[in-house]
Amino acid sequence: MTTNQTASHSLVLSRPLPAIYRWLGDKIFLTVAVTLGLSIIFLAGAMAWVLINDGSLAFREFGVIGFLTGTTWDPGVNFTFGALPFIFGTVVTSVVALALAFFPAVAVAIVIAEYAYGWLAKIIETLVHLIAAIPSVVVGIWGIFVFAPWMREKVYMPIFMWAAESQPSLLPILGNPIGYGMTTATIILALMIVPFTTALTRNAIRQVPKEQREAARALGATRWEVIRMAVLPYARGGILAGAILSLGRAVGETMAVAMLIGNKNTFPFSIMGPAATMPSVIINEFREAVGNLHLSSLMAIGLVLFVIAIVVNLIAAYITRKLAITGGQGI
Amino acid sequence: MNINVLFKKKKPKEDKMSPDFQPQEPDLLYREIHMNGSPPIRMEAKNLTVKYGTVTGVKNVSLPVYNEKVTALIGPSGCGKTTFLRALNRMHDLTPNAKVTGEVLLDGNNIYAPRVNPVTIRRKVGMVFQKPTPFPTMSIYDNVVAGLKLVGIRNKAFLNEVCEKALRQAALWDEVKDRLGSPGGSISGGQQQRLSIARALAIEPEVILMDEPTSSLDPLSSSKIEDLINDLKKKYAIVIVTHNMQQAARVSDNTGFFYVGDLVEFGPTDKLFTNPSHKRTEEYLTGKFG
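Order-wise, the sequence lines are chains A and B. Once you know that position 218 of the first sequence is 218 in our numbering, the rest is easy, because the numbers rise by one and skip nothing. Once you know that position 256 of the second sequence is 256 in our numbering, the rest is easy, because the numbers rise by one and skip nothing.
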């Protein structure tokens, strides 16, 4: 062993490269890497600058607070723009979608990582990934032609009929049972983030050291008890961060939501009735935006979305760091 | 309070679903040894073979574990001593391609017999690992009583009592009694290992398996663990895997020497270390290989 090492060492040392080559290679690599690395920062900065610059007109016109809390979006007559309906729509749809998706996703991840045999786990995992690979617009069109009509016939109409007969006071809260609305969009959104949450949760579970599982086993824990006692507590940081990242995903999801939410730009929103989110209003109106103020308002909404996405990701990073379990040095 | 009473009262459902350890006709050898008044055998491996796929980890090993004695397993790395140890509480059940043949008798009953629930076995045969494995999100207190909570014991007074007793047995009580609520990962490595031992003791096992329990610790913590082993053997049967021969000589009563999956020699520690009957053992002990 030792003699081998010495031999190979002397072989390398016997014919060193001319210093100029090594120096040049280093320099070229460093330049390329640093340029590409810094360009990411530049790109993000440039995007933020464009959004701020183009959105500034709307912010000047209505004030930052006024724009964020304004409830009227009227591009036709009064040219008054307020973002609150869309912020509200985005927050409600994505938070509820995450709430719907979280437990099924964690359950699927546990099955993949802990319960299923190798081949079965692979099949389930592949199927989950396939769901993630379906283009958003395909999910949307399925929603339009299959899911929304089905929801209208089987869910919204019966509820609506019942409310109309016995609880008329509920009607404004429930809204129009046209099939395209907040609930439909939220359910589709939940379906779309399940694969994402599942993959992140599974990764967090896979990172739990074998020793932790074995320690629980050695205490006489059954399979489920091992998961409850050793796996989930250890992975909790990763699972939570994964959930938050999924939330970020849901916030930004555009196409399927725009196709299914019904696109109603003004309050009040109702449970079954149409509504709108920040991405959906941008995609629906950017081509018809005639006035500068309208375009600027859409840009301003884009900026709000940008900031929300960054904040959500920062929160996820913070949770990961805060709840990370480092080798026996406390939590 | 006798802990076994509590074990039986709780969790009747568990018993129904997975039949408890079925008493069988005690093995003849086991009975004979009892009658002759030799030290009772707590556990015994008989022709135990462990295979990982096509690789044989342990070949046809038979070895007794005496009650209230420390049995040390020594040998060079990869010789199968840890593989053998893990077969004693069915930890190989977790390894997908591991296959165990032969018998391991616990008080005369084969733990590999069909219908034996490995969960029950692991409650009777506790284990301490190479690295300290406290559950980092649980408090020290919860770590110690984790095994008891698993079997459904919720009686606070009893849990407190067991926690203190186990921590005292593990010589950790004085160091942590004021901060039982702090996380299990917040204490030093040596303390964490004693916490892992306390956790294993809290469920009152019959046999304690230790897989190189001091290999990740500093000399001072190691000597504390060794003192602890000397204390614990008054009550338990202990099997310890170690690659430190001085440690084996210090703490054990019997020693088994493994080499490439075979048990080359087994006997009283002083005899094996001073007058080994196999050439391989002698070579290993004198440092000719390994």
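Rather than coming from a laboratory, the hints here were simulated on the basis of the structure. The C-beta atom is built at its ideal place from N, Cα and C for all residues, glycine as well. Please note: incorrect hints may appear among the correct ones.
[Claimed, not checked] In silico EDC-like cross-links for lysine to aspartate or glutamate, where the CA-CA straight-line distance does not exceed 16 Å:
(1) B:Lys131 x A:Glu214
(2) A:Lys210 x B:Glu283
(3) B:Lys131 x A:Glu211
(4) B:Lys59 x B:Asp107
(5) B:Lys234 x B:Glu206
(6) B:Lys235 x B:Glu204
(7) A:Lys210 x A:Glu225
(8) B:Lys177 x B:Glu206
(9) B:Lys165 x B:Asp218
(10) B:Lys149 x A:Glu225
(11) B:Lys165 x B:Asp142
(12) B:Lys235 x B:Glu68
[As the list claims (entries may be wrong)] Covered stretches of chain A, as calculated for chain B (at least 3 residues, CB under 8 Å):
(13) 207-215
(14) 271-283
These are the hints, each one checked on the structure:
no.: 1; hint: B:Lys131 x A:Glu214; verdict: holds, 11 Å
no.: 2; hint: A:Lys210 x B:Glu283; verdict: violated, 35 Å
no.: 3; hint: B:Lys131 x A:Glu211; verdict: holds, 8 Å
no.: 4; hint: B:Lys59 x B:Asp107; verdict: violated, 23 Å
no.: 5; hint: B:Lys234 x B:Glu206; verdict: holds, 12 Å
no.: 6; hint: B:Lys235 x B:Glu204; verdict: holds, 10 Å
no.: 7; hint: A:Lys210 x A:Glu225; verdict: holds, 15 Å
no.: 8; hint: B:Lys177 x B:Glu206; verdict: violated, 26 Å
no.: 9; hint: B:Lys165 x B:Asp218; verdict: violated, 25 Å
no.: 10; hint: B:Lys149 x A:Glu225; verdict: holds, 10 Å
no.: 11; hint: B:Lys165 x B:Asp142; verdict: holds, 14 Å
no.: 12; hint: B:Lys235 x B:Glu68; verdict: holds, 6 Å
no.: 13; hint: 207-215; verdict: holds (count 5)
no.: 14; hint: 271-283; verdict: violated (count 0)
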